[in-house]
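J.: Each chain, written out:
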Amino acid sequence: MSQQAEAPQAKQLEFVTLVAGGQNFCVEITQIREIRRWTPVTILPHSPFHVLGVINLRGAVIPIIDLAVKLGFEKIQPTERHVIIITAIEDRIVGLLVESVSEILGVSADMVRETPRGPEDPATRAIQGIIPVDDDMTKIINLSALMPSLDPVAA
Amino acid sequence: MATDPSILDTFFEECEDLIVALTEGLTEMRDGAEDDETVNAVFRAVHSIKGAAGAFALDELVGFAHKFETVLDELRSNRLTTDEKLLRVLQRAGDVLADLVEAARDNIPANRDQVDPVLNELQAFLGAEDDQPEEEFVFEAMTLDFDSAEDQSGYLVSFRPSHEFYACGHDPALLIKALNELGPATISVDETALPDDFGEFDWEGGYLTWTIEIEDLATDLSILEIFQFVDDLCDLKISPRDTPPPPSTPQTIETEDLPDIVTTAAVEVAPKEEEKPSADAPDAATPSPGPKADAKPAKRNATSLRVDPKRVDRLINAVGELIINQSVISQRLEKAAIPNASDLFADLDDYKLLAREIQEGVMAIRAQPVKPLFQRMLRIAREAADGTGKDVAIVTHGENTEVDKTVVERLADPLTHMIRNAIDHGIEAPEQRKAVGKPTQGVLTLTASQRSGSIVIEIADDGAGLNRTRIRAIAVEKGLIPADATLSEQEIDQLLFAPGFSTATEITNLSGRGVGMDVVKTAITTLGGRVGITSVPGKGTTFSITLPLTLAVMDGMIINVGGQTMVVPISSILESIRPNTSDISRIGLNGELLRIRGEYVPIVDLADRLGHPRDERKMTERVLLLIQTEAVPQCALAVDDIFDQRQVVVKSMQGNYGAISGISGATILGDGKIALIIDPDAIALNAAPRNFEEEATHVAAS
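So the sequences go chain by chain: A and B.
Each residue of the first sequence is one higher than the one before, counting from 5 in this note's numbering.
Each residue of the second sequence is one higher than the one before, counting from 50 in this note's numbering.
Next comes chain B alone, as it looks inside the complex:
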């Protein structure tokens, strides 16, 4: 079982959910929620991870989760009190646990340097508690059968197996035997429910109720552990035998009253020393692994569905084809010029609407809230703040904004860089903040919102703002710009994204390797997005990432370049122009400039740039598309003709061919032919380096 990769995959998928629950709970605790439910939720998450990890023999994970869980257990039984320090350690423990899960998934050894300190800190809380070592004895005591510890009491277990319990082939005798091993137990059975007439007797019917009284048991965890695989198959009541000491009250879990997930999670809790007997116990209790393993996920899946993303992608592809097919049909019909075809076209329109509806529906499947991403970012921010010794509060807004799954996945790295940068370079050290009259705690705001067909993610800090003089000086020093270049504030800000640019005087291990921001930019550009910076000195800096809602469909302008049909994303086109002779001026050998509203804009001949035969017609007979990209403020693309504006389904070229400079993908047109999609940024950028200087100066001059 442990070697079956699909089960392991499911485990890691579940771990992801559990870690989300864990992070959420910890955040709530940090925000002051001290109710038992929150603590319990966190505890259950950690515990479930531990339980399942144990089944796969992920020892490091189990070891850590165990310690973590023990501390949480102390907390939920009020033996520890929530304070700043504990919360901080718990947060870090949550982070480390997530790391360990990741390490286990990727099958790489965990980073002990990160794990051990946290483990020690957790241990410190346990060590501070006097009854912890005693508790260790408590358990041995249970197996060895002698008394100790303050809150030893006993538990009353009453369970009535259901019809399903027997149908799955479980044997109550084994459970009872396991319970009996926990401590001296008194077992009684209530057979009053048995039918008098044996003719009515159903051999799988749950007629019997057992009551088991276990003495000298400090916690109900080991009992839950025994029942972990059958708790939804029987009526289970666990209550302390005597009037228990008040702290342990919240521990009493009435399994039947809790939703399924709760019992699943709460089951099988155990301090380390319980490990041995408990490992045996579930074994004994569950002789038939098949049905019990199936029983639980069935319930959980009721609310959401786990689907392999590949299936969704296939569906998206098929729907894309459907839409293309629809436009093929409508083109054919138009050509066929059938008389009285208006009804036919009306129907075709309906078909189109339906296809679009399906498409939207399928896209919605891929959409995911940015919440998990933001939670990861919270953690990154926390670590960065700890690492730099700055006091930073992290605020998130719009966590429920939904974005395409791929976008969510691919945003993680760029966001990490940006958040680290914001904390490392953006927010000042506490003393500095005090000196300028700001609160010592910096604020980093992470916002996601939807704005007309795009997703905007903003990372705002309330730090010192960009030091433009310094950025400029560094750019000159690194040879990125000539010393005499006159740049606008915006252009200076954009220098941050230049490859090899780093403002950090000393290289910290957080950021400042000088690879950060250009990598960020590339990553976002590949997603079809843009990054913008606004910065107010003394007030802070805001980076905003604008992304398309989906990667699969795009509004494009269909153009003709050197005899090839191509697509330019509408999002980057400002306007299309048919220039007059007077608007065109020559610069250099082949360069041409377009004058538009008093500004001079470089013209890039798209055919030339793509290696197609050059159109010999004059610029005035061709069409210029004025585009705007992050790299170059404005640029005019010379194309041969423009045809149409329509929605296209984006297909990646990378799988079968590889990346092509200047091309972001391909699409299939109504006639079934492939049209390549232009990447305006790359086109403008590759045209830019050689005339960056002129451009910089002429922009300044205009």
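Looking at chain A on its own, in the form it has when it is part of the complex:
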């Protein structure tokens, strides 16, 4: 594995690792616009459970999604210490509420393993691949799969 990592031709990828629902995940850095502290949101009527509301990001109205709920975990009770990752998914800007953001992980593309297929749940369906890190591993979230086109909003 370590030899593979040193292979010069392998494409380098960078991921931001985060914790949501008590588990490790990561998101490719190119999809991330910025990381902010939690600020209170404006609640949207009739919004799905995972949609917390909207915030004002320098004049743009950005929806905030609870990543833990979206992945099927318990709802995060947001405090000042929680973090919003502003992501650009296709043409949309969406904020993801997570428990914490830890580090930037640089790996070569061939270190990314395919997700072992087992019984599926919302979390496993959104996982694009896994990256072994030391003794542990982290899971890559496929944001486009997680947030397909526009969220159908209940009327």
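Source of the hints: derived by calculation from the structure; they are not laboratory data.
Where a beta carbon is used, it is the ideal one built from N, C-alpha and C, also for glycine.
A hint or two may mislead.
Covered stretches of chain A (chain B as the covering partner; in silico rule of three or more C-beta atoms under 8 Å from a C-beta of chain B) [as the list claims (entries may be wrong)]:
{"hint": "1", "stretch": "47 to 53"}
{"hint": "2", "stretch": "59 to 69"}
{"hint": "3", "stretch": "88 to 100"}
Here are some chain B residues the structure puts well away from chain A; computed CB gaps all over 10 Å [said to hold, decoys possible]:
{"hint": "4", "residue": "77"}
{"hint": "5", "residue": "80"}
{"hint": "6", "residue": "84"}
{"hint": "7", "residue": "169"}
{"hint": "8", "residue": "253"}
{"hint": "9", "residue": "286"}
{"hint": "10", "residue": "489"}
{"hint": "11", "residue": "571"}
{"hint": "12", "residue": "588"}
{"hint": "13", "residue": "607"}
{"hint": "14", "residue": "609"}
{"hint": "15", "residue": "629"}
{"hint": "16", "residue": "669"}
{"hint": "17", "residue": "670"}
{"hint": "18", "residue": "672"}
Please build the complex by placing chain B on the supplied structure of chain A, with the hints as guidance.
T.: Only chain B this time, still in chain A's reference frame:
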């Protein structure tokens, strides 16, 4: 070059302008303007489209434009006379040309069913003209070098390249060579302008004047074609060689005397048969594509500026932020309670005024006259009239009224529906009109006007008016209303906008699919507008669309609902009421009615409707906003508190999130927090279905 999308975009943008010019010219011709200038203007428009389309290999477009242009050429050289039939065909040809441009832009195949008949009709005019086939020969004759045709003569071309001509790297020899290929030519050069002292000689100076006499050339079009890319870089005079036959006089174009756009447009005119040599000619004449391509737009852009709408939008957004920022600062200052701050506040007021001024200025950039929209509508009306066999005159007023660009764009579809409806259902067939003593020609009036902060667009026909008995009967039949409902005339009229309602007994291909009017209404409501109907039996029907001047700024009432700050558009609020216990009566399980001036109005609890926690306070402790919408005559929104009335900058929610029922958008308040903007229509409408019946009856009862 042809594959560069930005050049193609520019081409289509220019095409839009040209089609506007074309439509305008055709309308003038229809209104009786028979002067050469009008015909020439139309001709130039068609010709420019053809010329540019050729460069992008848009063959269908070129083919059609060519035929169109040939007919126009016949017309401007007085070989054809303007009559009713010709004008009609020209109008249709203009429509088809616009279609083809659109098809080419969207990269979809053109609708041959529409194109071919018009093409044939155009051909019919050419066929009727005896000299047309001859003219075809004329051209071959030119290349093959033998005489024919009546008006063959020859042209005298005199051109003196300017300093820029040489500076751009053009070579006069190539032009002369191309001219020489048009027919037997005699070329002479006048070098008298050359300085005697070679020390003064500027190697790029335009000292030489060439005179080229071309024989056996029936038209100057191919000459103009050769010079098309350099006509603004040289002194060009083209005149018939001998005393020409009178008809061709108007064809003589003295390039230098005409404004730039004229030469640009008039260049490169050619009947089909000229296509081959002319395709080669400009090539030969213009060895350096760079400078010549730049040379022309530069001049044209002097009067107007093409800007990507996104840039304007960005500016509008930034200005919106500026205004919000201003209110943040003033709120902060007030809180800070600085002593002797009156100067500071005076300055802040100036800042506010300036910001507003900038905002108005930026909004004005987005404003566009409704003229192009109306012109499209003229065409729709014409087609509808043709399709139904009705004789309809279309009158437009207030074409220069300016509306936000988005509004103009999004109005096209609803207006199309309404105009088709007006002609299909509104205006009666000629025989019927005669029977009731009206002139056989119906009149459809399209009016745009500005009324206190709104734009009003009216579509009025002088038809039979709405048949309310029938509308009611249909609504009952379709289950839209109960059979025993008592409805006012207005309410019956509003039924037209109910989904799935169609009065046409037979479905015509123009209208009557039963989707029309509710789609119209939705489209207009999304724009923040309203539709109203007034109809007088036997006299006609008027639909009036009321739209906000701009979509970006709105006057709103800041309210509190279930702990959330929200905004209700002032335009829909009639009044705010703090009710007395005696004004509130219960209806059904949870329903409440407000009595106001003897009328009973349903109360909608906004918090409940939006899924916020319900305020347990009594109605009397809360505030009711009496709103009026098109859907429901009156409705009272129960809110927790009202704070303030102010201008808010509207932000769309759709981009990042999607539409939310009952919410039309969002805005950012002075403290930087987002407040959602209520869509009163949707709120009232969604509350309406379940109590439509009661409402209908109680309105009638009151």
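J.: It remains to establish, for every hint, whether it holds in the given structure.
T.: Okay, the hints, checked on the actual structure:
1. With 5 residues bearing a CB less than 8 Å from a CB of chain B, the stretch 47 to 53 of chain A meets the requirement of three and the coverage assertion stands.
2. Check result for the stretch 59 to 69 of chain A against chain B: holds, 8 residues qualifying (beta carbon to beta carbon below 8 Å, three or more required).
3. Remark: the stretch 88 to 100 of chain A is confirmed as covered by chain B, as 4 of its residues place a Cβ nearer than 8 Å to a Cβ of that chain, reaching the required three.
4. Residue-level check passed: residue 77/B sits 44 Å from the nearest beta carbon of chain A, beyond 10 Å.
5. A cut-off of 10 Å between C-beta atoms confirms that residue 80/B is not in contact with chain A; the least separation is 47 Å.
6. With a cut of 10 Å on Cβ distances, residue 84/B stays outside the contact zone with chain A, its closest approach being about 51 Å.
7. The beta carbon of residue 169/B sits about 46 Å from the closest Cβ of chain A, which is more than 10 Å, so the claim that it is off the interface holds.
8. Distance to chain A confirms residue 253/B as a non-interface residue, since its nearest Cβ pair spans about 51 Å, more than 10 Å.
9. At roughly 56 Å from the closest C-beta of chain A, the C-beta of residue 286/B stays outside 10 Å, upholding its exclusion from the interface.
10. The Cβ of residue 489/B sits about 49 Å from the closest Cβ of chain A, beyond the 10 Å cut-off, so the non-interface label holds.
11. Residue placement check: residue 571/B keeps its beta carbon more than 10 Å from all beta carbons of chain A (closest about 14 Å).
12. Taking the minimum C-beta to C-beta distance to chain A, about 41 Å, the non-interface status of residue 588/B holds against the 10 Å cut.
13. Remark: the non-interface label on residue 607/B is consistent with the geometry, its nearest Cβ contact in chain A lying 13 Å away (cut-off 10 Å).
14. Even its closest Cβ contact with chain A, about 13 Å, leaves residue 609/B beyond 10 Å, as expected for a residue assigned away from the interface.
15. Interface exclusion of residue 629/B from chain A stands, the closest Cβ pair being 30 Å apart, more than 10 Å.
16. Every beta carbon of chain A lies more than 10 Å from that of residue 669/B, the smallest distance being close to 25 Å; the non-interface claim holds.
17. With a cut of 10 Å on Cβ distances, residue 670/B stays outside the contact zone with chain A, its closest approach being about 23 Å.
18. Listed as outside the interface, residue 672/B is consistent with that label: its C-beta sits roughly 19 Å from the nearest C-beta of chain A, beyond the 10 Å cut-off.
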